[in-house]
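Participant: If you read the sequences in order, they're chains A and B.
Note that numbering that gives the first Met the number 0 has the first sequence beginning at 0, numbered continuously upward.
Note that numbering that gives the first Met the number 0 has the second sequence beginning at 0, numbered continuously upward.
Keep in mind that the hints were calculated from the coordinates and are not lab data.
Where hints are given, some of them may not hold.
[As the list claims (entries may be wrong)] Pairs of lysine-lysine, BS3-like flavour, derived with a Cα cap of 30 Å:
1. Lys19(A) / Lys67(B)
2. Lys86(B) / Lys21(A)
3. Lys28(B) / Lys201(B)
4. Lys19(A) / Lys87(B)
So you can see what is in the structure, the chains are spelled out below.
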Amino acid sequence: MSRDVLERILWSLSVDRFSKEKFREDSQKFLSRFPIDEESVRMILEFDVKAMQAVGINPMLTLGYWIEMSPDRRISSYNRKLGSESAHSASIKG
Amino acid sequence: MAEITGGFLVPHDPVMFVAPDAADAEKAKKVWDAYETCAERLAESSASSVIIVGNDHYMLFGTTCLPKYCIATGHVEGPLDQLPGLKKEQVQNHEALAQHIAAHGSETGFDWAVARSFTTDHAFSIPYKLIVRRAEEISGRSISAIPVYLASAVDPFITKARARQLGEQIRAAVESFNSDEQVFVIGSGGISHWVGTKETGKVNEQFDRQIIDLCCNANIDGLVAFTDEQVLESGGNGAMEIRNFICAMAAANAPRAELIEYQPVPEWVTGLGFIELKKG
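Please build the complete structure, drawing on both the sequences and the hints.
Facilitator: As structure tokens, this is what we get:
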């Protein structure tokens with residue numbers, strides 16, 4: 000498990016249009032470029048932001064990744080995925 | 000010599016722009032009015048430029064390069080993360096002073112990362128729009144703004160002690176700048192807020208009041224004494240931004256400070272504090 004590589008992937012998928020396009024086209028192929036293990040691939044593909052934070056991923060990245068790439072971009076869903084009932088969001092995307 | 004003659008510590012809460020009506024109307028007005036107070040006081044001053052100390056939120060800098068501290072010495076625009084009412088614009092940087100601060104740092108043990116063409120995020124652009132641009136409107140004079148970015152939200156974090164030293168270096172650099180101009184400094188951040196974590200929406204007023212008291216008593220030692228673990232536990236990952244306060248306070252070297260406003264606003268996920276650093 001490489002936290003650094005995971006953060007690189009999530010950062011790319013949060014801010015880089017080319018990476019976002021390639022991920023949407025073929026997420027498995029996109030991820031195959033990076034030296035990450037099966038569990039990391041699972042966390043990314045399943046948008047398991049709780050597991051990501053548990054291995055030390057910066058929450059600003061998990062939030063950004065969720066907003067930019069998840070099928071359900073709602074913050075209420077993000078909060079539920081984290082195990083939170085919070086009605087509030089620090090999202091800059093509404 | 001140039002001189003830092005005042006400054007402010009203010010929040011940079013994007014949720015205010017995204018969900019302005021989420022907060023109680025009376026609280027919201029107090030917060031917006033606090034920015035206006037800062038703008039009026041900047042307008043009343045003779046400052047011709049402002050140094051805004053903020054931090055990236057893992058947007059501007061990625062894992063390939065994470066600077067501990069960075070100064071924009073050339074072209075500036077922003078923010079990257081545009082918000083309703085906060086659209087990207089060109090920023091009038093004070094390039095000569097910014098370059099002087101970086102060069103002075105090289106001579107005195109501060110190897111600044113330099114952004115020769117830079118895009119800001121909301122940490123710079125919110126106080127820039129609500130205070131600097133607004134002060135320009137009120138006063139009718141031009142006020143330039145220099146972005147300084149500290150590693151306050153993404154690890155490896157700048158230490159609080161180093162943030163203080165950096166503020167002292169900024170002050171020394173300004174005072175060695177061959178000009179008689181006056182400069183303000185703004186520390187942009189905090190206070191308690193949890194970003195992207197399950198605690199998001201929590202605000203710790205007790206912690207916020209503690210930080211405010213330290214700031215108002217110009218007690219930089221007290222701020223530096225907090226461990227990161229204490230800050231994370233009591234103020235959340237967003238409160239690591241007190242580094243920006245520390246740097247700005249050390250730069251201003253103000254003997255006293257005045258609380259302009261404090262509002263804990265869970266709907267805006269932040270304890271919002273406004274403090275003026277007073278030199279006179």
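Participant: If a hint holds in the structure, say so; if it doesn't, say that too.
Facilitator: How the hints compare with the structure:
{"no.": "1", "hint": "Lys19(A) / Lys67(B)", "in the structure": "holds (28 Å)"}
{"no.": "2", "hint": "Lys86(B) / Lys21(A)", "in the structure": "holds (28 Å)"}
{"no.": "3", "hint": "Lys28(B) / Lys201(B)", "in the structure": "holds (21 Å)"}
{"no.": "4", "hint": "Lys19(A) / Lys87(B)", "in the structure": "holds (22 Å)"}
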